[in-house]
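Top to bottom, those sequences are chains A and B. Under the UniProt record's numbering, the first sequence has 121 at position 121, and the numbering climbs by one with no breaks. Under the UniProt record's numbering, the second sequence has 153 at position 153, and the numbering climbs by one with no breaks.
Rather than coming from a laboratory, the hints here were simulated on the basis of the structure. Among these hints, one or two may not hold up.
Listed next, the in silico SDA-like pairs over lysine to any residue satisfying Cα-Cα at most 20 Å (straight line) [said to hold, decoys possible]: (1) B:K180 with B:I42; (2) B:K67 with A:T133; (3) B:K132 with B:D121; (4) B:K21 with B:P136; (5) B:K67 with B:I42; (6) B:K67 with A:R134; (7) B:K67 with A:A68; (8) B:K67 with B:Q95; (9) B:K180 with B:V169; (10) B:K67 with B:R173; (11) B:K180 with B:F81; (12) B:K67 with A:D51; (13) B:K180 with B:S38; (14) B:K67 with A:D75; (15) B:K21 with B:R43.
Interface residues of chain A toward chain B, partial, derived using beta-carbon atoms under 7 Å [what the hints assert, rightly or not]: (16) L23; (17) D35; (18) T46; (19) A55; (20) G59; (21) S62; (22) A66.
Ideal Cβ placement from N, Cα and C applies to all residues, glycine included.
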Amino acid sequence: MSTTAPPADGNNKLTWMLSSLDLEGVRYSVLISGDGLRMAHSETITRDAADAFAAAVSGVQSLGKALAGMCGDEDNRLRQNLIEYDQALVLVTAAGQNAMLGVCAEPTADAGLIVHRMNDLASRLGNELSSQTRRP
Amino acid sequence: MGSANLSEVAYLPGTVTRSVKLLVAGHFGAGKTTFVGSVSEIRPLRTEEPITEASVGVDDLAGLPRKTSTTVAMDFGRRTFGGVALYLFGTPGQQRFLPMWDELARGAVGALVLVDTRRLDHSDEILSAVEKRGLPYTVAVNEFDGARRYPAEEIRQALDLAPSTPLTVCDARDQASSAKALIVLVEHLTSGPEMLA
Ligand SMILES: Nc1nc2c(ncn2[C@@H]2O[C@H](COP(=O)(O)OP(=O)(O)O)[C@@H](O)[C@H]2O)c(=O)[nH]1
Ligand SMILES: [Mg+2]
Numbered sequence: 001m002s003t004t005a006p007p008a009d010g011n012n013k014l015t016w017m018l019s020s021l022d023l024e025g026v027r028y029s030v031l032i033s034g035d036g037l038r039m040a041h042s043e044t045i046t047r048d049a050a051d052a053f054a055a056a057v058s059g060v061q062s063l064g065k066a067l068a069g070m071c072g073d074e075d076n077r078l079r080q081n082l083i084e085y086d087q088a089l090v091l092v093t094a095a096g097q098n099a100m101l102g103v104c105a106e107p108t109a110d111a112g113l114i115v116h117r118m119n120d121l122a123s124r125l126g127n128e129l130s131s132q133t134r135r136p
Numbered sequence: 001m002g003s004a005n006l007s008e009v010a011y012l013p014g015t016v017t018r019s020v021k022l023l024v025a026g027h028f029g030a031g032k033t034t035f036v037g038s039v040s041e042i043r044p045l046r047t048e049e050p051i052t053e054a055s056v057g058v059d060d061l062a063g064l065p066r067k068t069s070t071t072v073a074m075d076f077g078r079r080t081f082g083g084v085a086l087y088l089f090g091t092p093g094q095q096r097f098l099p100m101w102d103e104l105a106r107g108a109v110g111a112l113v114l115v116d117t118r119r120l121d122h123s124d125e126i127l128s129a130v131e132k133r134g135l136p137y138t139v140a141v142n143e144f145d146g147a148r149r150y151p152a153e154e155i156r157q158a159l160d161l162a163p164s165t166p167l168t169v170c171d172a173r174d175q176a177s178s179a180k181a182l183i184v185l186v187e188h189l190t191s192g193p194e195m196l197a
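The shape of chain A in the complex, shown without the other chains (with noise of 0.2 Å):
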């Protein structure tokens, strides 16, 4: 397990990760930690604009988890939030701890092969993509 987690980086050497959901349709995807917080974005999007979709997804992520239990018993866990737009696809997976992967699409895009992406992103690089808790 790593030990430093990736920092919420201002040169974005994490981008590498996630040219693997360049992807026909894919306007931008984004890494993000747990409370909100930007870990690495495309080149397609802008620092600024990845720093806002990153605190909003994780809001919509977490509102996710709180509704399992009106829905389900305690072990139904959140795979997945998709949000369809007029304008847009909104593709939302847990990246191991802490962490989630947050994608925009034209709402034309195949989102089943995007998610699939998505879920081999964060399986094969699950402990690097999280985000260590803080010990205050």
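With chain A fixed as given, assemble chain B with the ligands onto it according to the hints.
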């Protein structure tokens, strides 16, 4: 991740004639989640996530030795006083979540702003966010153990509060104390020009 199990929900008493949506706002670590949790009569909805290394240099944990999680979407609880059901929506505290306030604040008639006197300066952006949305509010100082106590006048000055804005103190961990702070807000809302609908 607390979530209400339907069978455990305390149903609204039949005497409730009005329902009111309120925001519980405040900076990171002011005690919003604790407050909503202690004052709510239903099991609160929470969106607490572990604080990670990614937040080093962003989220200031100074003076908060036991804070290991943070609200990333909202807290939700309900408290009934007489015929009025107060629906409490707690906000996340950090700047990165401020854009989400627009949705959370929709339909709210007022806000309780919690502050910790050890970081009063962190309240500026919260107060502006509340004022920007035209929400009437009261301020409650959440008195942390070991934090210095200041005269109300000094706190008012530091926060640049209008003379008409009520300032109270509370212990967010305490049900009765938190309820009192809510009552001050409700009284403020009913006395002001912005009458409860
Ligand atoms: N001593 C003391 N600790 C508190 C009080 N209110 C909250 N806390 C603790 O302070 C930390 C921050 O509280 P929290 O409710 O998460 O703050 P939030 O970020 O505003 O939601 C937590 O570890 C709480 O247990 C209080 O009134 N007194
Ligand atoms: Mg909170």
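Here's how the hints hold up against the structure:
no., hint, in the structure
1, B:K180 with B:I42, "18 Å, holds"
2, B:K67 with A:T133, "11 Å, holds"
3, B:K132 with B:D121, "18 Å, holds"
4, B:K21 with B:P136, "12 Å, holds"
5, B:K67 with B:I42, "23 Å, violated"
6, B:K67 with A:R134, "10 Å, holds"
7, B:K67 with A:A68, "24 Å, violated"
8, B:K67 with B:Q95, "18 Å, holds"
9, B:K180 with B:V169, "9 Å, holds"
10, B:K67 with B:R173, "14 Å, holds"
11, B:K180 with B:F81, "11 Å, holds"
12, B:K67 with A:D51, "23 Å, violated"
13, B:K180 with B:S38, "12 Å, holds"
14, B:K67 with A:D75, "26 Å, violated"
15, B:K21 with B:R43, "17 Å, holds"
16, L23, "26 Å, violated"
17, D35, "5 Å, holds"
18, T46, "15 Å, violated"
19, A55, "4 Å, holds"
20, G59, "4 Å, holds"
21, S62, "4 Å, holds"
22, A66, "5 Å, holds"
The structure shown violates the earlier hints numbered 5, 7, 12, 14, 16 and 18.
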